Each structure stands twice: as structure tokens, then as C-alpha cells.
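The task is simple: from the sequences and hints, build the whole structure.
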Amino acid sequence: MKELSYLNKYFVKYKYSFSLGIIFTIIAQIFMLFTPKLISQSFKVIEEFSKDTSVSSTVIREELISNVLLIVATTIVAGLLTFLMRQTLIVMSRHIEFDLKNEVFRQYENLSQNFYKQSRTGDLMNRISEDVSKVRMYVGPAVMYSINTIIRFAIVIIYMYNVSPRLTAYTLLPLPLLSYGIFKLSTEINKRSTIFQQYLSKVSSFSQEIFSGLRVIKAYSLEQQHSNNMVNLANESKSKSLNLAKVQSLFGPLMMALIGISNLVVIYFGGLMYIDGTIQSIGTIAEFILYVNMLTWPVASLGWVSSMVQEAEASQKRLNEFLKIQPEIQNNTTERSIIEGAISFNDVSFTYADTNITALKNISFTVQKGETLAILGKTGSGKSSILSLISRLYDVTNGVINIDGKSIQSLNLNDLRNNIGIVPQDAFLFSDSIKNNIKFGKEDATDEEVMAAAKSAVVHNNIMGFNKKYDTVLGERGITLSGGQKQRVSIARAIIKNPPILLFDDCLSAVDTETEETILNNLFEICKDKTTIIVSHRVSSAKNANKIIILEDGKIIQQGTHNQLVNEEGYYASLYLKQLSEKELL
Numbered sequence: 001m002k003e004l005s006y007l008n009k010y011f012v013k014y015k016y017s018f019s020l021g022i023i024f025t026i027i028a029q030i031f032m033l034f035t036p037k038l039i040s041q042s043f044k045v046i047e048e049f050s051k052d053t054s055v056s057s058t059v060i061r062e063e064l065i066s067n068v069l070l071i072v073a074t075t076i077v078a079g080l081l082t083f084l085m086r087q088t089l090i091v092m093s094r095h096i097e098f099d100l101k102n103e104v105f106r107q108y109e110n111l112s113q114n115f116y117k118q119s120r121t122g123d124l125m126n127r128i129s130e131d132v133s134k135v136r137m138y139v140g141p142a143v144m145y146s147i148n149t150i151i152r153f154a155i156v157i158i159y160m161y162n163v164s165p166r167l168t169a170y171t172l173l174p175l176p177l178l179s180y181g182i183f184k185l186s187t188e189i190n191k192r193s194t195i196f197q198q199y200l201s202k203v204s205s206f207s208q209e210i211f212s213g214l215r216v217i218k219a220y221s222l223e224q225q226h227s228n229n230m231v232n233l234a235n236e237s238k239s240k241s242l243n244l245a246k247v248q249s250l251f252g253p254l255m256m257a258l259i260g261i262s263n264l265v266v267i268y269f270g271g272l273m274y275i276d277g278t279i280q281s282i283g284t285i286a287e288f289i290l291y292v293n294m295l296t297w298p299v300a301s302l303g304w305v306s307s308m309v310q311e312a313e314a315s316q317k318r319l320n321e322f323l324k325i326q327p328e329i330q331n332n333t334t335e336r337s338i339i340e341g342a343i344s345f346n347d348v349s350f351t352y353a354d355t356n357i358t359a360l361k362n363i364s365f366t367v368q369k370g371e372t373l374a375i376l377g378k379t380g381s382g383k384s385s386i387l388s389l390i391s392r393l394y395d396v397t398n399g400v401i402n403i404d405g406k407s408i409q410s411l412n413l414n415d416l417r418n419n420i421g422i423v424p425q426d427a428f429l430f431s432d433s434i435k436n437n438i439k440f441g442k443e444d445a446t447d448e449e450v451m452a453a454a455k456s457a458v459v460h461n462n463i464m465g466f467n468k469k470y471d472t473v474l475g476e477r478g479i480t481l482s483g484g485q486k487q488r489v490s491i492a493r494a495i496i497k498n499p500p501i502l503l504f505d506d507c508l509s510a511v512d513t514e515t516e517e518t519i520l521n522n523l524f525e526i527c528k529d530k531t532t533i534i535v536s537h538r539v540s541s542a543k544n545a546n547k548i549i550i551l552e553d554g555k556i557i558q559q560g561t562h563n564q565l566v567n568e569e570g571y572y573a574s575l576y577l578k579q580l581s582e583k584e585l586l
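The letter at position 475 of the sequence shown is residue 475 when you use UniProt numbering, and the numbering goes up by one with no holes.
Keep in mind that a hint or two might mislead.
[Claimed, not checked] Distance condition first, Cα-Cα at most 27 Å in a straight line; then the derived DSSO-like pairs of lysine-lysine:
id, residue 1, residue 2
1, Lys191, Lys324
2, Lys9, Lys101
3, Lys468, Lys455
4, Lys469, Lys435
5, Lys530, Lys406
6, Lys324, Lys13
7, Lys455, Lys528
What the hints contain is simulated information worked out from the structure, not anything from laboratory work. All of these numbers come straight from a predicted model, not from anything done at the bench.
So, in C-alpha cells, the structure goes:
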């Protein structure tokens with residue numbers, strides 16, 4: 001139960017619903033106990049009539065009818081209160097499920113890039129779905145039936161003791177055996193449930209990767225191999241599930257057997273006590289049998305509840321491990337930050353924690369507000385790392401990044417990112433309409449603004465060619481569009497945001513040179529009052545920038561304007577000549 005203590009804050013939050021549910025439970029149990037007592041009284045009336053025939057049968061009949069009506073009335077009231085109990089406690093559990101899923105999702109949003117590099121999507125999905133659902137079963141049905149069982153046991157045993165202490169002791173003899181059986185089975189369930197949840201995450205992760213990479217699998221004709229892998233993994237998961245089910249299946253028979261033994265104990269010892277006169281009425285034995293059977297479901301539910309609690313604890317342990325992770329990137333201030341756009345790197349070095357690769361080494365440069373900086377270099381030279389540091393997806397290892405003369409870490413993280421429009425190298429689009437994908441940069445944008453942004457990104461004509469135009473719903477990750485179309489929609493999404501800082505990470509690699517030229521002309525017009533950084537492998541994307549830097553192995557090896565660098569022997573001049581000759585050949 002140690003892991004589940006994390007949920008106590010939610011019980012405190014919903015304390016009024018929780019308390020009301022307990023009150024309904026107590027009153028419902030009291031009304032349910034009228035039935036055995038009334039039946040016992042009915043037996044006594046019948047016994048008295050059989051012993052004293054002078055008593056009018058009409059009086060007996062009226063008393064029996066009165067008892068029957070009272071049984072019906074109290075049962076209806078108990079049923080209504082039980083319904084209210086379920087409505088209160090189960091609805092509370094749904095609210096807790098909602099809060100917990102939101103908490104998990106917020107943690108997903110807060111965690112850094114390093115976490116996602118080391119985690120699998122299927123496992124993350126399993127935590128927010130399967131694990132949270134298991135926990136919901138604990139805070140709902142498990143808690144409800146536990147409260148119901150405790151209260152019913154307490155009230156029923158008190159009633160039984162008041163009727164016959166000796167017969168109560170006989171009736172409760174099997175309970176120690178029951179407690180030991182529950183303890184042993186619960187321990188085994190917890191162990192097997194943890195293993196099963198881990199395998200469930202493996203299946204989810206494997207399936208997600210297969211779905212995402214289905215085109216590659218088909219292209220390499222590896223369907224059968226991956227199908228076999230899936231079968232093997234599913235069989236392992238099934239084996240763990242069956243191992244868990246085998247233990248869980250023992251609960252029901254064990255509970256029912258012990259209840260049956262209790263009934264036999266009541267009949268045997270109750271009969272002996274009636275014979276020797278300790279018990280004055282057969283109705284007392286009938287009353288005890290009803291009490292024992294009233295405990296049947298609570299006792300039988302102990303197995304189910306115990307199973308739910310153990311599964312929930314295994315799931316909550318996985319959630320706790322995840323929720324206790326402190327995000328590497330922290331928002332260090334709650335004060336609002338005004339971003340104008342001047343950026344400077346001062347002797348910045350950066351090493352990726354997961355791979356220990358040093359991407360940047362003592363980088364220094366300055367971009368004034370409204371200027372455009374182009375960054376070129378070979379693959380792996382550190383170009384994209386610079387953009388990641390500006391948007392604080394990572395923090396520097398050494399050195400300082402300043403925005404408008406202030407350390408980037410002293411700025412409000414939300415304000416910083418809200419004032420940056422970024423087009424990533426791998427254009428990611430959501431499975432939504434094209435319009436909503438563009439409006440992702442500005443949710444309250446008008447249709448005219450969406451269209452203007454699409455025109456600037458030279459994707460408007462492509463969109464108008466679709467049957468539903470801007471309302472066309474894209475497949476997962478924008479699979480409906482070509483690579484170039486995805487890049488241009490992603491550019492439109494950044495443009496419509498109209499931020500003071502724009503970051504373009506090799507976002508024109510999938511478009512032809514003519515379209516690239518048109519987009520660049522539009523961008524330089526849009527970006528003339530914004531701080532813009534363009535990462536590219538093409539000179540055509542960099543030639544109009546105010547400043548160009550060339551990276552190699554994480555270091556700046558050249559910097560200057562296009563005219564300066566093209567006349568300077570080095571990487572930029574050779575790249576310019578190479579791409580110029582390729583263009584002439586075309």
C-alpha cells in the first residue's frame with residue numbers, strides 16, 4: 001500500500017464525496033440488517049402459534065404480513081442507499097481518474113528531450129491508459145467494496161454477538177484461515193501483475209513501432225518476420241496473463257468454500273445449542289444463516305478487491321517512478337518576460353547527456369533584432385543543436401546564451417517559447433485538418449490569416465487541389481501530404497504565429513529550387529523585422545542573410561556575409577561552386 005499512498009491527496013480533495021459515500025454505506029447496511037431480525041421474529045411467531053393454539057391465526061397472519069411489508073420496505077430503502085453509495089464513490093473515482101490522467105499528461109509535457117529519447121511511445125501510452133485504469137479501479141470499486149465490507153462486518157458481528165456470543169464465535173472460526181489465504185494469494189498476485197504490466201507495455205511499444213514503420217516493413221518485405229516477432233511477444237504476454245489469471249481464479253472458490261463451512265458450522269452448533277436449550281428458537285439459527293450469507297458477497301469480494309489493490313499498486317508504482325522524475329528544463333521565474341529577439345552565444349559548449357557526444361564547442365556569435373543568420377555545415381556539425389538551445393529544449397553545458405541581454409535561463413520559459421516560431425527538420429503534422437494544423441501556431445487565427453500564411457509558404461495551390469481543401473484531414477504524422485508539402489505547411493504554421501524569433505531547421509530540403517526561391521523571397525519579406533535563423537545545406541537559402549556561420553565538428557570555422565565567404569577559400573566557397581555547377585547542369 002506504500003505506492004498507493006500517493007493517491008491520498010485525491011481522497012482529501014474529494015473528501016466530501018468520500019465522506020458522503022461512507023455515510024450512505026453505513027445507513028444502507030443498517031437497513032439491510034432488518035431482514036434477518038424480522039425473519040427471526042417471524043419464526044418465533046410461528047413457533048409460539050404451534051405451542052399455543054389459543055392465539056388467533058388472524059393475529060399471526062397480520063404480524064407475518066407486517067413483517068413481510070417491513071422486509072420489502074427496508075430492502076427498497078437499502079437498495080436506494082446502495083445506489084447512492086455507488087453514485088457517490090464511483091463518480092468520485094472517475095474524477096480522480098480524470099485528474100490523474102491530466103497529471104500524467106502534464107508530466108509528459110514538462111519532461112525534457114532526453115527522457116523521450118530513452119522511453120518508448122507504447123510504454124508511455126500504456127501508463128496513461130492501462131495503468132491509470134488499474135488505479136481507477138482501486139479508488140473506485142476497490143475502496144467502495146472495502147468500506148462496504150468493513151462496515152457490514154462490524155455491524156453484522158455486533159448484531160450476531162448480541163443474539164448469541166457463543167454461536168458467533170463458532171461462526172467466525174474459519175476467518176483466520178481466510179485471512180492467511182488472502183495474504184498469500186495477494187502477494188503472488190502483486191508479483192505476477194507487475195510482470196504482466198511490463199509485458200503489456202512491451203506489446204504496446206512493439207505494435208506502435210510496427211504501425212509507424214509499416215511502409216518500411218512492406219518495402220523490405222519483412223511482414224512475416226515481424227509477424228513472427230509479434231506472435232512470440234504476444235505468446236509471452238499471454239503466458240504472463242494466464243499465470244496471473246490462475247492465481248486470481250483461486251479466490252472465488254476459496255471464499256465460497258469458507259462461507260459454506262461457516263453455514264455448516266451455524267447449522268451444526270446452532271442445532272446442538274437448540275437441543276440443549278441454549279438457543280430458545282429455530283429463528284435464531286435462521287437469523288444466523290442469513291447473517292452468514294450477508295457476509296458471503298463481502299467475503300467473496302475480498303479476493304476481487306485484493307486483486308484490484310495489488311494490480312493498482314503495481315501500476316501506481318510505475319506511475320510514481322515516472323511522476324517523480326524532475327524535468328531537466330525548469331522554468332526559473334513566474335515573472336513575465338518581454339522578448340524582442342536579440343540573441344548572443346558566449347563561449348557555448350553543449351554535450352548530449354544520453355550519448356555523451358559534444359555537439360558544440362566554445363561557440364560565440366551575435367544576432368541583432370531583425371537580422372537573419374544562416375548556419376551551414378556538414379551533417380552532425382551541430383546546426384540543429386543551436387536551435388534546440390535557443391528554444392531551451394536543452395540547457396547549455398558551458399557558456400551563456402543571452403536573449404535581449406538577459407540569460408536565457410532567467411527568462412520565463414513559457415514566454416520564451418511563445419515568442420519563438422520553429423520549423424523542425426522533421427516536419428510533424430497532427431492527424432487533423434490542414435487548417436487546424438496551420439492554426440496550431442495561432443489558435444484564434446481567421447481563415448484569411450490561414451490562407452495568407454499558406455500562400456507565403458507556397459502551399460496554398462496544393463491545398464486548393466484537395467477535395468476538401470483546407471478542411472482535408474491528414475493521416476497520422478501528416479502522411480497524406482508529400483515531404484515538401486509537409487514542410488511548407490509547417491512553415492505556414494510558424495509564419496502565422498508572427499513571433500519576434502523564427503527558427504528554420506533545414507525546412508526546404510524536400511522542395512525544388514524554384515519553389516525554394518519563391519518561399520525564401522516571401523520569408524525574407526516577412527522576416528525583415530524579426531530575428532531569423534536559417535539552418536540549411538544550400539547556399540541559396542543563406543545568400544541573403546545578414547550573417548552566415550559555417551560549423552564543423554561543433555566549431556565555427558567560417559563566418560561573414562555571402563560576398564565575403566564566396567571570395568574566401570573554404571567550405572562555403574566550395575559548396576557555392578558545387579551547387580552552382582549542379583544548377584547549371586539542370
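Pairwise hint evaluation, Lys406 against Lys530, where the allowed Cα distance is 27 Å at most: holds (18 Å)
Checking one constraint from the list: CA of Lys191 to CA of Lys324, max 27 Å. Satisfied? Holds, because 22 Å separates the two Cα atoms, which is no more than 27 Å.
Does the alpha-carbon distance linking Lys455 and Lys528 stay inside the 27 Å limit? holds (18 Å)
When you check the alpha-carbon spacing of Lys469 and Lys435, does it fall within 27 Å? holds (9 Å)
Does the alpha-carbon distance linking Lys468 and Lys455 stay inside the 27 Å limit? This hinted pair holds, its Cα atoms lying about 17 Å apart.
Can you confirm whether the C-alpha distance between Lys9 and Lys101 stays at or below 27 Å? Holds, at about 15 Å.
With the threshold set at 27 Å, check whether the alpha-carbon distance from Lys324 to Lys13 stays at or below it. holds (20 Å)
Hint compliance for this structure: every hint is met.
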